[in-house]
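A.B. asks: Going down the list, the sequences are from chains A and B.
Take any residue in the first sequence, count from 1 to its spot, add 275: that is its number in this note's numbering.
Take any residue in the second sequence, count from 1 to its spot, add 239: that is its number in this note's numbering.
If you are wondering where the hints come from, they were derived from the structure by calculation, not from laboratory data.
Ideal Cβ positions, reconstructed from N, Cα and C, are used throughout, including at glycine.
Incorrect hints may appear among the rest.
Below are the BS3-like pairs computed for lysine-lysine, each with C-alpha atoms no more than 30 Å apart in a straight line [as the list claims (entries may be wrong)]:
1) K301(B) with K342(A)
2) K310(B) with K278(A)
3) K342(A) with K322(B)
4) K331(A) with K301(B)
5) K301(B) with K254(B)
6) K331(A) with K316(A)
7) K316(A) with K390(A)
8) K310(B) with K316(A)
9) K316(A) with K283(B)
10) K316(A) with K317(B)
11) K332(A) with K322(B)
12) K331(A) with K254(B)
Anything over 10 Å on all C-beta distances counts as not near chain B; from chain A, calculated [stated by the list, open to error]:
13) E301
14) S327
15) I339
16) Q383
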Amino acid sequence: EDKVVQSPLSLVVHEGDTVTLNCSYEVTNFRSLLWYKQEKKAPTFLFMLTSSGIEKKSGRLSSILDKKELFSILNITATQTGDSAVYLCAVEPLNPGSSNTGKLIFGQGTTLQVKP
Amino acid sequence: EAGVAQSPRYKIIEKRQSVAFWCNPISGHATLYWYQQILGQGPKLLIQFQNNGVVDDSQLPKDRFSAERLKGVDSTLKIQPAKLEDSAVYLCASSPRLISGNTIYFGEGSWLTVV
Chain A
276 EDKVVQSPLS LVVHEGDTVT LNCSYEVTNF RSLLWYKQEK KAPTFLFMLT
326 SSGIEKKSGR LSSILDKKEL FSILNITATQ TGDSAVYLCA VEPLNPGSSN
376 TGKLIFGQGT TLQVKP
Chain B
240 EAGVAQSPRY KIIEKRQSVA FWCNPISGHA TLYWYQQILG QGPKLLIQFQ
290 NNGVVDDSQL PKDRFSAERL KGVDSTLKIQ PAKLEDSAVY LCASSPRLIS
340 GNTIYFGEGS WLTVV
């Protein structure tokens, strides 16, 4: 069964700290891994990763994928209170014939709280 | 561009009652998804439509949940009868078609509490 596991489940830091969120996965046919931020409303897209070792970066956030070890990390530097949210990792599998499924398998999320 | 619209936003019902949620996807999006997100967990796919056909409903509890997308646009998710464990946020999402995951857009969710 396809599975996505995130760690830690929750994290409390102070403004200015750097945090690393982890996501490991087991998927039969892998297409991509995605990170979302969720603040008590719709999940908003952060990154999509398809290739190993290529860092994606957006401001203070960055992410990288290791397809050999089947994990990804999301880094947030110089955290701010506005970064407080649930961070979701999801994997998009392929069908056995390598066609897109269009569906996402989510981990349980990491709840990040940034204190002033 | 208007986003994915869902209603109602919040609903409280007693167990064994029924409830229906409505979703209007982004205009022109062929693929529509319903996800269930229980507090403290990640979203779980319940059903996926491509136009008005079902692509995947393997995780839909069909004894109590039903969903339809009759004209390939709006969709309705119904729960009858509701159980306490159905308390969750029901997220609707849409994408242009079965392409990459970064083209999936989520609505703000319908929050269901079953008492």
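A.B. asks: Please write out, lowest number first, the hints stated earlier that are contradicted by the structure.
C.D. replies: 1, 2, 3, 4, 11, 12, 16
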